[in-house]
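J.: Next come the chains, spelled out residue by residue.
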Amino acid sequence: AQSVTQLGSHVSVSEGALVLLRCNYSSSVPPYLFWYVQYPNQGLQLLLKYTSAATLVKGINGFEAEFKKSETSFHLTKPSAHMSDAAEYFCAVSDGYGGSQGNLIFGKGTKLSVKP
Amino acid sequence: NAGVTQTPKFQVLKTGQSMTLQCAQDMNHNSMYWYRQDPGMGLRLIYYSASEGTTDKGEVPNGYNVSRLNKREFSLRLESAAPSQTSVYFCASRTAGTSGLNEQFFGPGTRLTVL
Numbered sequence: 001a002q003s004v005t006q007l008g009s010h011v012s013v014s015e016g017a018l019v020l021l022r023c024n025y026s027s028s029v030p031p032y033l034f035w036y037v038q039y040p041n042q043g044l045q046l047l048l049k050y051t052s053a054a055t056l057v058k059g060i061n062g063f064e065a066e067f068k069k070s071e072t073s074f075h076l077t078k079p080s081a082h083m084s085d086a087a088e089y090f091c092a093v094s095d096g097y098g099g100s101q102g103n104l105i106f107g108k109g110t111k112l113s114v115k116p
Numbered sequence: 117n118a119g120v121t122q123t124p125k126f127q128v129l130k131t132g133q134s135m136t137l138q139c140a141q142d143m144n145h146n147s148m149y150w151y152r153q154d155p156g157m158g159l160r161l162i163y164y165s166a167s168e169g170t171t172d173k174g175e176v177p178n179g180y181n182v183s184r185l186n187k188r189e190f191s192l193r194l195e196s197a198a199p200s201q202t203s204v205y206f207c208a209s210r211t212a213g214t215s216g217l218n219e220q221f222f223g224p225g226t227r228l229t230v231l
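Residue numbers (my numbering), protein chains in the order written: chain G, 1 to 116; chain E, 117 to 231.
FYI, nobody ran anything at the bench for these hints, they're computed from the structure. Incorrect hints may appear among the rest.
[What the hints assert, rightly or not] Straight-line C-alpha distance at most 27 Å; calculated DSSO-like pairs for lysine-lysine:
id: 1; chain 1: E; residue 1: K187; chain 2: E; residue 2: K125
id: 2; chain 1: G; residue 1: K68; chain 2: G; residue 2: K108
id: 3; chain 1: G; residue 1: K68; chain 2: G; residue 2: K49
id: 4; chain 1: E; residue 1: K173; chain 2: E; residue 2: K130
id: 5; chain 1: G; residue 1: K115; chain 2: G; residue 2: K69
id: 6; chain 1: G; residue 1: K111; chain 2: E; residue 2: K130
id: 7; chain 1: G; residue 1: K111; chain 2: E; residue 2: K125
id: 8; chain 1: E; residue 1: K173; chain 2: E; residue 2: K187
id: 9; chain 1: E; residue 1: K187; chain 2: G; residue 2: K108
id: 10; chain 1: E; residue 1: K130; chain 2: G; residue 2: K49
id: 11; chain 1: G; residue 1: K69; chain 2: G; residue 2: K111
id: 12; chain 1: G; residue 1: K69; chain 2: G; residue 2: K49
id: 13; chain 1: G; residue 1: K68; chain 2: G; residue 2: K58
id: 14; chain 1: G; residue 1: K69; chain 2: G; residue 2: K58
id: 15; chain 1: E; residue 1: K187; chain 2: G; residue 2: K69
Small disclaimer: the values here were computed from a predicted structure and weren't measured.
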């Protein structure tokens with residue numbers, strides 16, 4: 001069965017510092033991986049997705065993630081945090097196979113705080 | 117395009133009452149989903165509809181029913197609400213395809229409180 005683990009339910013960084021949000025997945029087939037962002041009182045918005053075309057994926061708002069098969073990881077990074085990055089971030093996996101293809105399994109989320 | 121819309125935005129129910137959450141998408145997507153979000157739990161799939169005319173249970177279907185009214189609309193019904201169903205409910209949709217690589221698009225959510 002697929003699963004997603006996000007290490008750290010809360011991460012706090014200073015403005016201008018590196019953002020690193022960790023995601024490890026478990027999947028018996030080649031996975032499709034997604035990062036979503038949720039701003040307060042809003043729905044989820046796609047940041048980026050891994051579709052096997054390239055291991056380093058660039059997303060919106062300066063975020064990127066690297067797929068590492070050997071480590072079963074898909075960590076999200078941003079070189080310099082901005083106050084507007086404060087939000088909750090969700091990693092999700094889809095196996096793309098079978099009748100439930102396209103269904104997403106979400107991690108529990110990481111809330112990012114950015115200090116001035 | 118409005119994307120995915122949900123009504124109502126907020127609702128307070130008493131235990132035992134029933135209600136239907138409405139969801140509509142205008143992106144001509146085949147697949148639609150209902151999730152619930154609880155603090156520290158991430159999003160959990162309640163029901164999904166891979167295509168018009170089909171619905172299937174997700175991870176947490178107990179206490180809920182769904183109807184795929186047409187390609188645009190997918191409703192979630194609570195027949196007898198319980199305090200454990202206090203949550204934020206999200207509807208999502210996804211374009212067709214045999215691969216799972218197409219992302220889901222989410223509505224703004226319905227905040228439900230059951231007293």
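J.: Please go over all the hints and tell whether each is borne out by the structure.
T.: Verification of the hints:
1. E:K187 / E:K125: 22 Å, holds
2. G:K68 / G:K108: 21 Å, holds
3. G:K68 / G:K49: 14 Å, holds
4. E:K173 / E:K130: 25 Å, holds
5. G:K115 / G:K69: Distance of about 33 Å is beyond 27 Å: violated.
6. G:K111 / E:K130: 31 Å, violated
7. G:K111 / E:K125: Roughly 23 Å separates the two Cα atoms, so the pair holds.
8. E:K173 / E:K187: 18 Å, holds
9. E:K187 / G:K108: The hint is violated at about 30 Å.
10. E:K130 / G:K49: Between K130 of chain E and K49 of chain G the Cα gap is close to 40 Å, so the pair fails against 27 Å, i.e. violated.
11. G:K69 / G:K111: 25 Å, holds
12. G:K69 / G:K49: Measuring from Cα to Cα gives roughly 15 Å; hence the hint holds.
13. G:K68 / G:K58: Answer holds: K68 of chain G to K58 of chain G is near 15 Å, not above 27 Å.
14. G:K69 / G:K58: 18 Å, holds
15. E:K187 / G:K69: Outside the cut-off at roughly 37 Å; violated.
The structure fails to meet hints 5, 6, 9, 10, 15 from the earlier list, while all remaining hints are met.
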